[in-house]
Amino acid sequence: MIPFDFEYYRPDTLGEAVGLFGRLEDEGKNPVWYGGGSELISMARAGNAAFGAVLDIKDVPELLGLGTDGENLTFGAALTLSDLIVSGSFPLLGKTAGRIADHTMQNKITLGGNLASTIIYRETALPLLLADAILTAAGKDGLHTYPIDAVFDGRLRLPKGEVLVRTAVPAAIAAAPYFHQKKTKNEKIDYPLLTTAAVVTGGRLRIAFSGLAPYPFRDRSAEEILNDGRLGADARAELFVKALSGVIQSDLSGSADYRKFVLKDTILNILEAVREEKLPCLC
Amino acid sequence: MPETGIGVAVPRKEAADKVTGGARYTDDHISPGVLTARTVTSTCAHGTIVSLDVSAARELPGVRAVLTGGDTDVLTGSVIEDRPPLARDKVRYYGEPVALVVADSDAVAARAVTLVQAAYAPLPVVNSPLEAVAPGAALVHEALGSYKKPVEDVYPEPGTNICDREKIRKGDIQKGFAESNVILRAAFDLPQTDHVAMETRAAQARIAADGSVYIHAATQGPFEVKKALSKLFALDEGKVIVQVPLVGGAFGGKAGTELEILAYLASKAVGGRPVRIRNDREADMTSSPCGIGLHAEMRLGAMYDGTIKAAEMTFLVETGAYTDTGPRMTKAIAADCTGPYNIENLSVDSLCVYTNHPYVTSLRGFGHTAMTFCMERMLDKLAAKLRFDPAKLREKNALKPGQTSPGQVKLTESSLGNLPACIEKVKYLIGWSNGIRTVSGGKIIAKGLCCFWKTSTSPPDAVSGALVSFNEDGTVNLNVGCVEIGPAMKTTAAQILSAALKMDVGRIHVNMDVDTRYSPRHWKTVASMTAFMVGRAVLSAAEDVKRQLVGLGAAVMKCAPEDLEVGDGRVYRKSDPAVHHVFKDLVHGYQFENGNAVGGQLFGRGSYVMGDLNYLDRETGKGKSGPYWTVGAQAVEVAYDEREYTYRLLRAATVIDAGKILNPAMAAAVVRGGMCMGLGKASREHFQYGPDGRVLDTSLRTYKVMHFAETPRYLVDFVETPNLDGPYGARGLGEHGVIGMPAALANALSLASGAELDELPLLPEKIWLKKTGGII
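Residue numbers (full-length UniProt numbering), protein chains in the order written: chain A, 1 to 283; chain B, 1 to 776.
Certain hints may be false.
[Stated by the list, open to error] Which residues of chain B face chain A? A partial, calculated answer using Cβ under 10 Å:
1. Leu130
2. Lys268
3. Asp280
4. Lys396
5. Gly600
6. Leu602
7. Gln688
8. Asp697
[Unchecked claim] Derived DSSO-like pairs (lysine-lysine); straight-line CA-CA distance at most 30 Å:
9. B:Lys385 to A:Lys188
10. B:Lys385 to B:Lys18
11. A:Lys260 to B:Lys18
If you're looking for bench data, these hints aren't it; they were derived computationally from the structure. Beta carbons are placed, not taken as given, at the ideal position from N, Cα and C, and that holds for glycine.
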């Protein structure tokens, strides 16, 4: 039970949604966007979220697109994780979505909701970070596009009042050899101890993590270490772990030291898979 | 299709209701005008309540009452009365109720909760069982010496955190160790875990104008709730009416009296109006009681030939902030400490210790899961040391009829059952002879085995009863006082009556709910004793029915009662079954052709009392705590990844000597359920605490239970050595699937990894730490 009153709106169009959000905000209603609801409902029930209005946008047509736009594949923000899994157009995104929560929740959780989540893992960000995705958001003054790095800094930070409409990913990267591995404390359906996503494109390895730090990230300078052909696999893995050690967290899923072990092991796995051209590799 | 008796897979009688969602549980019953209560709980694990301001909550429209510890002076506890329903002066665990809000709706109650302002001055915390007994430890209960004890046999040590000490002294421990060729030592740590029943705890109360108190609750012990409320609040027992519908899983967690007290206090505060209270999952996990933690140290002495000569054990059973049934589990651990093995020289101290963690109550296995983990790890260590096959070592030391329990009870085939037969069968199921550590596909495939035994820790005067009445069509109504908490107890009771009356179980109707006014008293639906106790009462009622039926039949059929037999809903001549009368014509009086009627309404009554149990001697533990044992053997097979220290559960097997299987489908299902729960405890479940004692796993987001898709293949089989005291030879079968799973998994993983894994849960990180010392 959510112990406070709030207004519920279900706009039919994107324009209506953005206009309504602005109006509710002006009225001091503290509106929130509502996709699958899994987080808002459970957080509000436990007293960890408060809002005066919800805007249910899961049926807004512009947010449900799944298609191509020139050289890019596009994914609407209100697509569910299950939609991403079934579509198959970006296998790494599908695999990543398929290891978030359980099947029932995958039918609810949306791409936009996962990216904007207050829960720290936001695993769907990993493939998008690797693909240098372009995000399209709608505001009062129309659509805006942003490179993911400009608006995703561990979590989605769109200008106030804007809502994510879709994300575009180069088809070439969506089709690139990839690696995905989710390690948990022990239970399969759990938050990540370490989720690793990687692609090889243009002969270079790109890699991103969730669970390692209290936010998902891709560290381009650390990636250089992994792509340094002068070093052996062990040396690269060790230097890489060292380079990231400042951000590695301890939490209920595991200690920082254990995460370092798992990270190093994962890097060795990836380097071996790349060397032996065994990608895609799902571990 | 008509089905008669036992040994048949009769579908549970409430099955259709359950699978269609039609079954109704406590909080599904909403009466008009019912108010809702919610607790305000402590955010501090140990602290003085400096201030508790409820004024803003009281002023919120729709709030009818706000109670705090000052509003009631009772202390509760079935063994030691140490727990205030609402904290007074200080809080002793994170999640402890400090105030109770009663409001028109759940929403208002939830808002009011946020308006209560509590401030605590933190006290030093007791954050583990070892800290509890450390010199200079903070005291969780300063007044331990002055608490009332409703039972004789509990031994608190005032001025310490020890609320009970149970001892076993058997044989000559010095001599036993002196005669041993090898001596092993080890220490074990097991965390507190949760019950995670699907239905969270719930209760409702109303007080009628005549003072009658109606309690509607999800409880395993309606008659205990009645007794407890009557005693605590000086109410006539007959005016406390406890009604229990179907209970959605309990696992021991609903055996105490907890929310019922809060519901009563709430109703009393609002002039007797009906009040409901229901835990949300988070409150169910942290505020209501969980399962014990344990620190244990063991020393085992054995001969080169594998014979165990002596054992010294210390158990620190973590009861958390209050005792509840902690001392009883401490006693159960002592009484069964050896497992099903013959150890003639024993010195055991089992201590129940307070900590500043959530308090505990019984949890499936009643301490046996924890105790078995320690003992069965010791056996595998011994097997490794002596280069013995672990199964063979167990067979060699298995208790035999004529030998004695740790409490020096002489064992018989009937009271003990056949462990070697269980071991043999479980070895076959898991493929023991194909190798217990092999390599396949880059993974180490390892098998771990363990044995267990369990008896109850019931009071000698634990009773059960059965009442039988008839419908006019000759069908039977059976009324028993056990609660249907999941394992089809009611159906089993009907099956037993069906066997005794030799009639179709479909023509026997059994009460799914319990009402303490109308149902015969049943001690509590706990301890895997229900089929045994209820079954005995049902058999006794069936005899009463048969005696009356043949009596009436003899008068009507003009023959001697001994010439008659009862079966298939008829009373018939043994010599010529065609000469008969159907129940329909007898059970509401027999009417002669001339219109005269005799006999009247027929009722059957039966009862059972545990009887020949006794208290354990304070110094030696000598005594009989339960009527018989249920023994079993279990095994787990894993695929272990040496590089990652991770593993997968492949197969798990259980063979139990059930005495007699009453319902094969239910028996296998309840064992599989137990195995699943046991593997969850083994592999992932634990409460974690901050340095300040706060519970960190407050929800199922981070407290993980077994996910259905991760369950291994379950293999279940039985041995049937009749328990001569049991209904049709049956032994208790309920909790047992859980007991050995952690031990079997730890044995498999220790064998696979080469590390001694003596802590739960068995997380890859722990194995990594043990193998590498944490060096990356």
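Results for each hint:
1. Leu130: violated (21 Å)
2. Lys268: This hint is violated: B:Lys268 lies away from chain A, its Cβ roughly 25 Å from the closest one there, beyond 10 Å.
3. Asp280: It holds, given that the least Cβ distance between B:Asp280 and chain A is near 7 Å, below 10 Å.
4. Lys396: It is violated, given that the least Cβ distance between B:Lys396 and chain A is near 34 Å, above 10 Å.
5. Gly600: Hint on B:Gly600: violated, closest Cβ of chain A at ~53 Å, above 10 Å.
6. Leu602: violated (50 Å)
7. Gln688: Result: holds, 6 Å to nearest chain A Cβ.
8. Asp697: holds (7 Å)
9. B:Lys385 to A:Lys188: Not satisfied, since the Cα-Cα distance of roughly 35 Å exceeds 30 Å.
10. B:Lys385 to B:Lys18: Distance of about 51 Å is beyond 30 Å: violated.
11. A:Lys260 to B:Lys18: violated (47 Å)
Violation of the numbered hints given earlier is confined to hints 1, 2, 4, 5, 6, 9, 10 and 11; the remaining hints are satisfied by the structure.
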